[in-house]
Amino acid sequence: MIQIYKEQRENIEARLLGIKNGSTRVIKNALNKAVEIARDDIVKKVQETYTVNPKSAITKTIEIKKANNKDLTASITSRGTAVPLIKFNVRPSKPQYKGKNRSILYAEVKRGEGGIIKRAFVTRGRKTGNLGVFERVETSRYPIYQKYGPSIPTMIGARNIRLHVETNARKILNQFIEEEIEKLIEGKLSTY
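Going by this note's numbering, the letters in the sequence shown line up with residues 918 to 1109, in that order.
Pairs of lysine-lysine, DSS-like flavour, derived with a Cα cap of 25 Å:
| hint | residue 1 | residue 2 |
| --- | --- | --- |
| 1 | LYS1044 | LYS1004 |
| 2 | LYS961 | LYS1004 |
| 3 | LYS962 | LYS1088 |
| 4 | LYS1100 | LYS937 |
| 5 | LYS937 | LYS950 |
| 6 | LYS961 | LYS972 |
| 7 | LYS937 | LYS987 |
| 8 | LYS987 | LYS1100 |
| 9 | LYS923 | LYS1100 |
| 10 | LYS923 | LYS987 |
| 11 | LYS1027 | LYS961 |
| 12 | LYS950 | LYS972 |
| 13 | LYS972 | LYS983 |
| 14 | LYS1035 | LYS1064 |
| 15 | LYS1064 | LYS972 |
| 16 | LYS982 | LYS961 |
| 17 | LYS983 | LYS937 |
| 18 | LYS972 | LYS1011 |
| 19 | LYS982 | LYS950 |
| 20 | LYS1027 | LYS977 |
| 21 | LYS972 | LYS1027 |
| 22 | LYS1035 | LYS1011 |
| 23 | LYS923 | LYS937 |
| 24 | LYS972 | LYS1004 |
| 25 | LYS1064 | LYS1004 |
| 26 | LYS1088 | LYS923 |
| 27 | LYS962 | LYS972 |
| 28 | LYS1088 | LYS982 |
| 29 | LYS982 | LYS923 |
| 30 | LYS961 | LYS977 |
| 31 | LYS1011 | LYS1027 |
| 32 | LYS1064 | LYS1011 |
| 33 | LYS1004 | LYS977 |
Pairwise CB distance ranges (calculated):
| hint | residue 1 | residue 2 | range |
| --- | --- | --- | --- |
| 34 | GLU953 | ASN928 | 21 to 27 Å |
| 35 | GLY1029 | LEU989 | 40 to 46 Å |
| 36 | ASN1047 | LYS982 | 28 to 34 Å |
| 37 | SER1010 | LYS987 | 46 to 52 Å |
| 38 | ASP957 | ASP988 | 20 to 26 Å |
Read the hints as simulated data drawn from the structure, not as lab findings. Note that CB positions come from ideal geometry on N, CA and C, so glycine has one too.
Can you make the complete structure from the sequences, with help from the hints?
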């Protein structure tokens, strides 16, 4: 979580003395720019850590609430369910109908941390027709159950990703605050 502390806001107000709603405009603009870059940083870091495909699978779960003049808070939230294992790095990635000679399924959810799933196979689901990784629970042909990886919010909430994004967002926010102050002062001075 990124916050603007009381001392920081007082410092901004002192630097923008005489400019109406100066600190509010600076903070709002800086927060909105920082939250956009933080979203891109989240997507990039998740793709570096996990093998989830495609990029749109990550971005569609992320929602941004921007700051406005009345509410100087901006937030990024992610909502989603578990991601089917087929959306990760899985080999073979297409159905193989060879019976006992079928190749063993290898799945990699986190980069560099893959493994073999002995009883799993790739096929199309009977109800949806979508490609997926399934596993038989019993020795009989049915039932089969689809296998899932972690949800996108769980990936984003991983400690290393969260800390990386928070530290970068803090640096970016401070940088944008300085840029917005300079823009406002230059704009104010140029009108006289």
